[in-house]
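> Here is how the chains run, residue by residue.
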Amino acid sequence: MVIDSIRDGIVIDHIKTGLGLEIYRLLKLGKLDCQVAIIQHATSQKGSKKDVIKIDSPIEIDLDVLGYLDPGCTVNVIRDSKVAEKYHPAIPETLTGVISCKNPRCITSAESDLPHVFRLTDKDAQVYRCIYCETMAKKIKI
Amino acid sequence: MRHLIDILDLSPAEIDQLIATANDIIDHPADYAEKCHGKKLATLFFEPSTRTRLSFETAMYELGGHVIGFSDAANSSTSKGETVGDTIQVVSCYADIIAMRHPKEGAPMVASQVSGVPIINAGDGGHNHPTQTLTDLLTITREKGHIDGLTIGFCGDLKFGRTVHSLITALSRYKDIKIVLISPEELRLPEYVKHEVLEHNNMTYVETQDLDSAMQNLDVLYMTRVQKERFFNEADYLRLKDSYILTVDRMEKAPATMSVLHPLPRVNEIEKALDSDPRACYFRQALCGKYIRMALIMKLLEVK
Ligand SMILES: [Zn+2]
Chain C
400 MVIDSIRDGI
410 VIDHIKTGLG
420 LEIYRLLKLG
430 KLDCQVAIIQ
440 HATSQKGSKK
450 DVIKIDSPIE
460 IDLDVLGYLD
470 PGCTVNVIRD
480 SKVAEKYHPA
490 IPETLTGVIS
500 CKNPRCITSA
510 ESDLPHVFRL
520 TDKDAQVYRC
530 IYCETMAKKI
540 KI
Chain E
22 MRHLIDILDL
32 SPAEIDQLIA
42 TANDIIDHPA
52 DYAEKCHGKK
62 LATLFFEPST
72 RTRLSFETAM
82 YELGGHVIGF
92 SDAANSSTSK
102 GETVGDTIQV
112 VSCYADIIAM
122 RHPKEGAPMV
132 ASQVSGVPII
142 NAGDGGHNHP
152 TQTLTDLLTI
162 TREKGHIDGL
172 TIGFCGDLKF
182 GRTVHSLITA
192 LSRYKDIKIV
202 LISPEELRLP
212 EYVKHEVLEH
222 NNMTYVETQD
232 LDSAMQNLDV
242 LYMTRVQKER
252 FFNEADYLRL
262 KDSYILTVDR
272 MEKAPATMSV
282 LHPLPRVNEI
292 EKALDSDPRA
302 CYFRQALCGK
312 YIRMALIMKL
322 LEVK
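Line order of the protein sequences matches chains C and E.
Quick note: the first sequence uses my numbering, first residue 400, plus one each step.
Quick note: the second sequence uses my numbering, first residue 22, plus one each step.
Here chain C stands alone, though its shape is the one from the complex (with noise of 0.2 Å):
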């Protein structure tokens, strides 16, 4: 399968097979009028599967998205069709407005001013709970 090269843009890489559409869907890439591209179950250079995101504009990467979902996958800014940065993306210690609390009983749900925030509580688990009732954000499932 080929997808043309991009000459100026993002490569998200080394997507966790699976993740490449909630990573797609959470980075709202669906409002972008530029190509985008998701590839699925690609083969890595040692021969695993991953998904691959390209992005055909130089737009901003919202890294702590990547690092809530994927921290293994890495950004590839392409200028004149060359990888000229590279970002690991870090575990984001918060997350504002990227997930959203499902408690009914929360004050979030009450006032939809409110930004959603979420803080990381359990670094092992990755375990995110919001700022305001302390529940649990779900794990993506892949």
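Derived from the structure by calculation, the hints contain no laboratory data.
For each residue, glycine too, the CB sits at the ideal point set by N, CA and C.
Please note that the accuracy of each hint is not assured.
Straight-line distance between alpha carbons at most 20 Å, and here's what the computed DMTMM-like set of lysine to aspartate or glutamate pairs gives [what the hints assert, rightly or not]:
id, chain 1, residue 1, chain 2, residue 2
1, C, Lys522, E, Glu212
2, C, Lys538, E, Glu212
3, C, Lys538, E, Glu217
FRET-style restraints, in silico, Cβ to Cβ [said to hold, decoys possible]:
id, chain 1, residue 1, chain 2, residue 2, range
4, E, Asn238, C, Pro503, 36 to 44 Å
5, E, Asp257, C, Ile438, 43 to 51 Å
6, C, Gly496, E, Glu212, 47 to 55 Å
Some chain C residues judged to face chain E by a derived CB distance under 7 Å, without partners named [what the hints assert, rightly or not]:
id, residue
7, Glu484
8, Tyr486
9, Ile506
10, Ala509
11, Cys532
Fit chain E with the ligand to the supplied structure of chain C, relying on the hints for placement.
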């Protein structure tokens, strides 16, 4: 400026200091009668809780201060759709300190983000109620002389009982505490509390359904009410509400030194006839609530 939203907002040393101040107030109330002269406490009760509100208001009066506020959301601008943030920004122009109770979890945290004066969480839904926990810690200290090394049983609704979760959390910072969890299967302590509080802090705990034998080793028995509003169906509530009732007969077989605490109000989980038993501490506990709130108001207002 400090707020009290969660019991863990206070360090163990600060809690010790509050307990010491409360004990001193009990011994020398006259010394404190004018400490908050000219200060105003706003009690903003977006959900009624007469007991907690009266405790805060009496505490402020006994410090020589004044009280303003409302006792349920129908009397506040919330009924007109005002946000918590807006209410707090207005009230913090008038009051020096705010005690607020709200049915939504996290509302006091939202308040603390915009308030110009200290916020005390006086209960946010089924979430936190730190002044109840301070009350419990003061009561245990007064009844037993110390907290370290005690075996403390919790009985009844350990699933929804926020007072239980937050007292266990507070106890995790003391030494050699043993926790005994007594409840029916359906009302057991949630896994996340066991994992994140008990196991994370290497606390010793056991779970049992047998109140009578568990009581034999307890220094403190903390009874709780099975609350109807926490259940989604009436049948479950009716089936579980009478699970554990502390009776005179049961107490005859309990240790002579076992203190019985209860956050009140009770329904039927403690027999009235037990009230005269010297081991029944729950009314003394309610009194402790006033004194620890006095100590807390002084601390947050930075009154010496
Ligand atoms: Zn929440």
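> Out of the numbered hints, which ones does the structure contradict?
Failing hints, ascending: 6, 7, 8.
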